Structures are given as structure tokens and as C-alpha cells.
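J.: These are the residues of each chain, in order.
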Amino acid sequence: MKTKRFSLIIFTLLFITIALSACASGSRVMASGWAGITTDDETAYLAYNTHVYAIDLANGNLRWRYPSEPDPKITFYAPPALTEDGQLIIGGYDNILYSLNPLNGQVNWTFEGAEGRYVGGPLVTEHGIFVPSTDYRVYALGFNGQPLRDPFPTEAEIWATPGSDSECECVYVASMDHRVYAINAKTGSLSWVTNDLGGALVGTPALSEDRQLYISTFAEEMVALNADNGAELWRFTAQDWVWGGPALGDDTIYFGDLSGAFFALDRQSGVQKWQTQTGSAIVDSPLVTEEAIYLTAENGLLVSVTPEGVNRWQKEFEGNTYSGPVAAGDLILVSTSQPEALLVAFDSNGVQKWTFSDAGE
Amino acid sequence: MWDSFISLMINILLYIYSFVGQDFGLAIILFTILVRLVTYPLNAQQVKQSQAMQDLQENKKWQAMQKKYKNDKEKLAQEQMALYKELGVNPFGSCLPTLVQFPIIIGLYQAIIRALAVSPLQLLNLSKHISNGADLIPLNNHFLWMDLSLPEKDFGLSIAGYGIPILALIVLITSYVQTKLMTPPSTGGAGDQSAQMTKAMGMYMPIFMGWLAYSFSSGLALYFVVSNLATILQYAITGRLDWSNLLPQRASK
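So the sequence lines, in the order shown, correspond to chains A and B.
Going by our numbering, the residue at position 281 of the first sequence is 281; the numbering climbs one at a time, nothing skipped.
Position in the second sequence counted from 1, then plus 1000, gives you our numbering.
Since the hints were derived computationally from the structure, they do not count as laboratory data.
Just so you know, these numbers come straight off a predicted model, no measurement behind them.
Each residue gets a CB set at the ideal place from its N, CA and C atoms; glycine is no exception.
Treat the hints with care, since some could be wrong.
What the hints assert, rightly or not - Cβ pair distances, simulated, as ranges: (1) Trp-1145/B / Thr-110/A: 27 to 37 Å; (2) Gln-1066/B / Asp-71/A: 57 to 67 Å; (3) Leu-1099/B / Asp-150/A: 50 to 60 Å; (4) Asn-101/A / Asp-1003/B: 17 to 27 Å; (5) Asp-71/A / Leu-1169/B: 28 to 38 Å; (6) Asp-150/A / Val-1020/B: 31 to 41 Å; (7) Asp-251/A / Trp-1145/B: 46 to 56 Å; (8) Asn-59/A / Trp-1145/B: 34 to 44 Å; (9) Leu-1169/B / Asp-40/A: 48 to 58 Å; (10) Asp-41/A / Trp-1145/B: 49 to 59 Å; (11) Thr-355/A / Ile-1232/B: 27 to 37 Å; (12) Phe-1005/B / Ser-189/A: 21 to 31 Å.
Unchecked claim - Below are the SDA-like pairs computed for lysine to any residue, each with C-alpha atoms no more than 25 Å apart in a straight line: (13) Lys-1128/B / Gln-275/A; (14) Lys-1153/B / Pro-72/A; (15) Lys-1153/B / Asp-71/A; (16) Lys-315/A / Lys-1153/B; (17) Lys-1128/B / Pro-72/A; (18) Lys-1153/B / Ser-259/A; (19) Lys-1153/B / Ala-261/A; (20) Lys-1128/B / Ala-261/A; (21) Lys-315/A / Leu-1124/B.
Claimed, not checked - A short, non-exhaustive set of chain B residues, derived as facing chain A with CB atoms under 10 Å: (22) Ser-1050; (23) Ala-1052; (24) Met-1053; (25) Val-1118; (26) Pro-1120; (27) Leu-1123; (28) Lys-1128; (29) Asp-1135; (30) Ile-1137; (31) Pro-1165.
Required output: the full structure, derived from the provided sequences and hints.
T.: See below:
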């Protein structure tokens, strides 16, 4: 009888545990974010879940992965960045920034000074590496991983990869505190900061040649600022939160929102040129090339449209596609949440070239 | 259907959050109290039916039939049903309100957890539930010494290098007190299985709740504390608390 009673108690406790853990946050098995991708001439570097992968652009074969065996304590979602002196910089969910050797995935150094996770990618400039953290700060590091100065504080988590401006040697930081900060890259001092833009900012700001800065907000808006002083130039209201930053064409900016609407606006006036609907959330920035615009939607869509908004082709995947497409030479790379198709390469006509899989690795 | 219900709960929670000056801790407290008030009639009915069932255990007719039909389960069940009918007691009367409350409590819990979105995928999911209030994002998760989105083990206070799981201890204590105060005195003898079961649950459950509070988001632990206190208050209002249960029990003669 005692055994029966004990079993009933255990069953009750197990039931509660499963009921709670099924919907609790912070699961280490489930992905918390989406892939970040960067490329050089020969290799694509994909940061997703438990690994950073180096993938041969010629055939989609794995060159190396870090760590070689999954460690549930280490996950990666921030896009990596390459430095000119040959380092691959990547922030982890374990609050550690890693410098890897792009040739073999060996660790050069780590920076463990941040108190928060890395969601946004690092920005590499000639003055150093600028790394946004969820501990509300931006860390300025030398190329040896040593801090150059005290971190720059904001008032909320920073999920956006900062934008850069070589002309004024500025770094533009979009924070979830609803503000954009322009920081002097040499000194770390604040050049200007906007007022509350009405919603959290998680997309990377885009800077045009005529020094206009475009920033997306959760307040369902695209906002244009004067990059020299942060003065507001115009606002355009979308249909839902605008998560990904915009991409720039000659005189047009392109972006999507979480309702699935994709917009092309006149850069100078913010007037809409055209709009198309994908039917699913657009979470990241589109890719703009000379001949076409490429965008992804959450339900597993890769869409190519002409600069005039005419559909060229589209591809569907079984998994979700949160990350925006990335160009690598003649290839268009797309990451999906499916282990069998973590990275897929197409040519500009939509012909699939290869698929990188981590299933069974 | 369930998603719409969760969306409703999340939007009410965010409305309260905005109303109390963007303090998520206060919002959790008020939201839990609000849900408890809404479910109070169900809870009162459950307590009433539970009391009726307890009184039945002391009914002479009941006790007599237990002895008489000890070896005839079918006849015993028939007689019990007849007595239920005669006394107007519904044997499932205390279960039904619990079953109705269960989805509401799970919805409350899910609303809190989803609103605490800390990762990109969680926030993307939250965006699908919010009708208004994008300007409230990111939520202010700091309450007293806690980051409500993190488990206490990640930020707990430490003294001389030793972590003190204060919130988990509060959950453990309030769970224990709640269980003790609400447990009816056993009418059976030493062999009363139900009493032994209740006693064991009263011992294991608070420890288990304390462990959950220590391991999961502290926003959930705060909900546990408020929920425990609200339950104690509800029972106090219905006059069902047995304060003597908190004192050490003397061995029965």
C-alpha cells in the first residue's frame, strides 16, 4: 500500500513538473533565437543553437564547427563578424564573446566581462569591436579582446547589431529603451541621442550615403533621422511591429513587418512606392542586389521580387525562416530552423545549389 | 480557442502593468488577486462541498454502512448513492469547481511566463498575443531584489559566498502553511490511507514548490507566493482555516 501511495505522490509531482516546464521559458533544448550568418570569399559562418559552423561556399560541406561536440550551456544566435586581421567574433548566450580562428575554429580569446547574453552581433570598425549586450551596455574592445574603455550604458537590453559610419567615425546603437545613440567610435563619448521613438528598437540602423539614418520600431514605424544630429526627418506607419532593420536601394528603402507586409519607400520623403504581402511575419532585413530584392518570412518562405515589386520567384521550406537572406558572391544564402536544411544556397534565378545539414552530425 | 484565451489573459496582465506604473511584480500580484476574485465563487463552492463530504464521514448511517457492506462493494456503492441523494450531497461537487478553475490557473501561469519573454523567439511569440501596448516592450522585470524573468538561482542574494534562496524559502513556507491550515483533521485511525496520503503530500508538496520556485523564473515564484496567500485568505473568509494545525500534534490516545 505504501508503494501505491508513493507512486501516486510521484505521479502528481511529475504531472505538475511537466505541466509547468512544457510552457516555461529558458529551455535549453528549444532554440531561443535564430541563425546569424556572415561570409568571406570562400566560407559561410553560421551561428545557430549549439554551434558556429564554417561551411564551404563551393559545395555546402562543413569545414569545422565550434564547439566540436554540443555543450548545452553554450548557444549562439548573434550574427558573427569578421575582422580584417582574421578573427571571427561571435557572442554567445553564455555571456561570453568568442574570437575564433576562421580557418579552423580554434579559440583565440574570450571576453567574459559582460553580465548579459549576446543577441545582437558585434560591429567591427577600424577603432575596435563594438559589442551590444542584454546587460544594457555596449562594450568597446580591442582586437585582442581587451576592453578599450568603460562600456557605454543605455537603459534597456540591446538586441540590435550596431550600425557604423566611417565619415563621422560614429557607432549607432539602437536600444530596446526606444532610443538611438550615436557614439564616437574613437572616444566612446555620446554624440547625440534621440527622444523616445515610441517602441523598442531591435533592427540594425541603416545609413544612406547622404547621411540619413533609418530605424525600425516596435511602434509599427520606420523612422528617418538626420545622422549628424539625430533630428527626425519623417515617419512611416507600417501594419505591425517592424522587427528587422531596413535595406537600402538607390533611392528606396525596403523592409517588412510582423504582419507579413513588405514595403518599398522613397528614401527622401518616406512615401510608399509599393507594398506586397507574404502572409507571415518578416523578422529580419531583406537583401538588396542590383537585379532583385530577397526577403524571408517566418512560415518558411524565400521570396525574390524586382525593384518594382513584381514577384520573380519564391521557395518554400518546411522549417521556419527568421534570418534574412545573405549574399555570398553569386549565391543567396538562407537559413532555416530545420536541422536537415540549416543553410540553403540558391543562385539569383532561384536554382538550389546546395544544402547544408547538421542532422546526424 | 486556447490561444485566444491566453491572449486575453496577457492583454489584461499588460493593462494592469501599464496601470500600476510599469511594475511587472505589482502587475503579477494584482493579476493573481483578480483571477482569484473571479474564481472565488467556484472556490467557495468547492470548500462547501468538501465540508459536506467531510461531515458525511462522521454521519452514523455512513459509518454503519461501511461496516455492514465491507465485503460487498456494489451494495456499498448503491447505499452511498442513496445517502448522497438523501442528504443532498454531490460527491463530485468539490471536483467540478477545481476542474473549471484549472484552465484558468494554467492560463494565468502561461500569461505570466509568456509576458516575461526574454529571448527573441519568445518575444516574437508574445507579439502575436498583444493587441495594444507595443510601447510597453520591453517590460520592466525588476521587482524588489528580483529579475522576474530569471530563476532565483541565477541572481539570488548571497551572504559570505553562500546563495540564500529567499524567494524559494518564502514559497516553501507559504505552501507549507497553506497546506497545514487547509488540511482537515483526520477522523480515521492510524490505518487511514487518505490521511496518510494527505500528510505525505503536505510534506512533499511545499518542498517541491520551493524547488520549482528556485529553478523557474522568479515571476512564477512570485505568483506562487501570492496564490498561496490568496488561497489562505479565501479559506479564512469562508471560516475553514484550522490554525491549530500549525501547532505540533499530540499523539492520539
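J.: It remains to establish, for every hint, whether it holds in the given structure.
T.: These are the hints, each one checked on the structure:
Trp-1145/B and Thr-110/A have their C-beta atoms about 30 Å apart, which keeps the hinted 27 to 37 Å range intact. About 60 Å separates the C-beta atoms of Gln-1066/B and Asp-71/A, a value consistent with the hinted range of 57 to 67 Å. The beta-carbon spacing between Leu-1099/B and Asp-150/A, approximately 57 Å, falls within the hinted interval of 50 to 60 Å. Judged by the Cβ atoms, the range 17 to 27 Å given for Asn-101/A and Asp-1003/B is violated: they are separated by roughly 46 Å.
Under the hint 28 to 38 Å, the C-beta atoms of Asp-71/A and Leu-1169/B, about 32 Å apart, fit the expected range. A C-beta distance of roughly 34 Å is found between Asp-150/A and Val-1020/B, which places it inside the suggested range of 31 to 41 Å. For Asp-251/A and Trp-1145/B, the Cβ-Cβ distance of about 53 Å falls inside the hinted range of 46 to 56 Å, so the restraint holds. Here the CB-CB span from Asn-59/A to Trp-1145/B is close to 54 Å, at odds with the stated 34 to 44 Å.
About 53 Å separates the C-beta atoms of Leu-1169/B and Asp-40/A, a value consistent with the hinted range of 48 to 58 Å. A C-beta distance of roughly 51 Å is found between Asp-41/A and Trp-1145/B, which places it inside the suggested range of 49 to 59 Å. Between Thr-355/A and Ile-1232/B the beta carbons are some 58 Å apart, a value that contradicts the proposed interval 27 to 37 Å. Separated by about 50 Å at the C-beta atoms, Phe-1005/B and Ser-189/A break the suggested range of 21 to 31 Å.
Taken as a hint, the Lys-1128/B and Gln-275/A pair is honoured in the structure, with Cα atoms around 22 Å apart against an allowance of 25 Å. A threshold of 25 Å between alpha carbons decides the hint, and for Lys-1153/B with Pro-72/A the separation of about 18 Å falls inside it, so the pair holds. Between the alpha carbons of Lys-1153/B and Asp-71/A the distance comes to roughly 20 Å, so the proposed pair stays at or under 25 Å and holds. With a C-alpha separation of about 45 Å, the suggested pair Lys-315/A and Lys-1153/B falls outside the 25 Å cut-off, and the hint is violated.
For the hint pairing Lys-1128/B with Pro-72/A, the CA-to-CA distance comes to about 28 Å; that exceeds 25 Å, so the pair is violated. With a C-alpha separation of about 38 Å, the suggested pairing of Lys-1153/B with Ser-259/A is violated against the 25 Å cut-off. Between Lys-1153/B and Ala-261/A the alpha-carbon distance is near 42 Å, which puts this suggested pair outside the 25 Å criterion. A distance of roughly 15 Å separates the Cα atoms of Lys-1128/B and Ala-261/A; the hinted pair therefore holds under the 25 Å criterion.
Our distance criterion of 25 Å between C-alpha atoms is met by Lys-315/A and Leu-1124/B, whose separation comes to about 23 Å. About 18 Å separates the beta-carbon of Ser-1050/B from the nearest beta-carbon of chain A, more than 10 Å, and the hint is not met. About 24 Å separates the beta-carbon of Ala-1052/B from the nearest beta-carbon of chain A, more than 10 Å, and the hint is not met. Annotation: Met-1053/B was flagged as interfacial toward chain A, and the flag is violated, the nearest CB pair being 19 Å apart, outside 10 Å.
Checking Val-1118/B against chain A: minimum C-beta separation of about 6 Å stays under 10 Å; hint holds. With 10 Å as the threshold, the beta carbon of Pro-1120/B comes within range of chain A, its nearest partner Cβ sitting at about 4 Å, so the hint holds. For Leu-1123/B, the suggested interface contact is upheld, since its CB lies about 8 Å from the closest CB of chain A, less than 10 Å. With a least beta-carbon distance of about 8 Å to chain A, the hint placing Lys-1128/B at the interface is held under the 10 Å criterion.
Given the 10 Å rule on beta carbons, the hint for Asp-1135/B holds: about 6 Å separates it from the nearest Cβ of chain A. The restraint placing Ile-1137/B at the interface with chain A holds, with a minimum CB-CB distance near 5 Å, inside the 10 Å limit. Because the beta carbon of Pro-1165/B sits about 17 Å from the nearest beta carbon in chain A, more than 10 Å, this interface hint is broken.
Of the numbered hints stated above, those contradicted by the structure are hints 4, 8, 11, 12, 16, 17, 18, 19, 22, 23, 24, 31, listed in ascending order.
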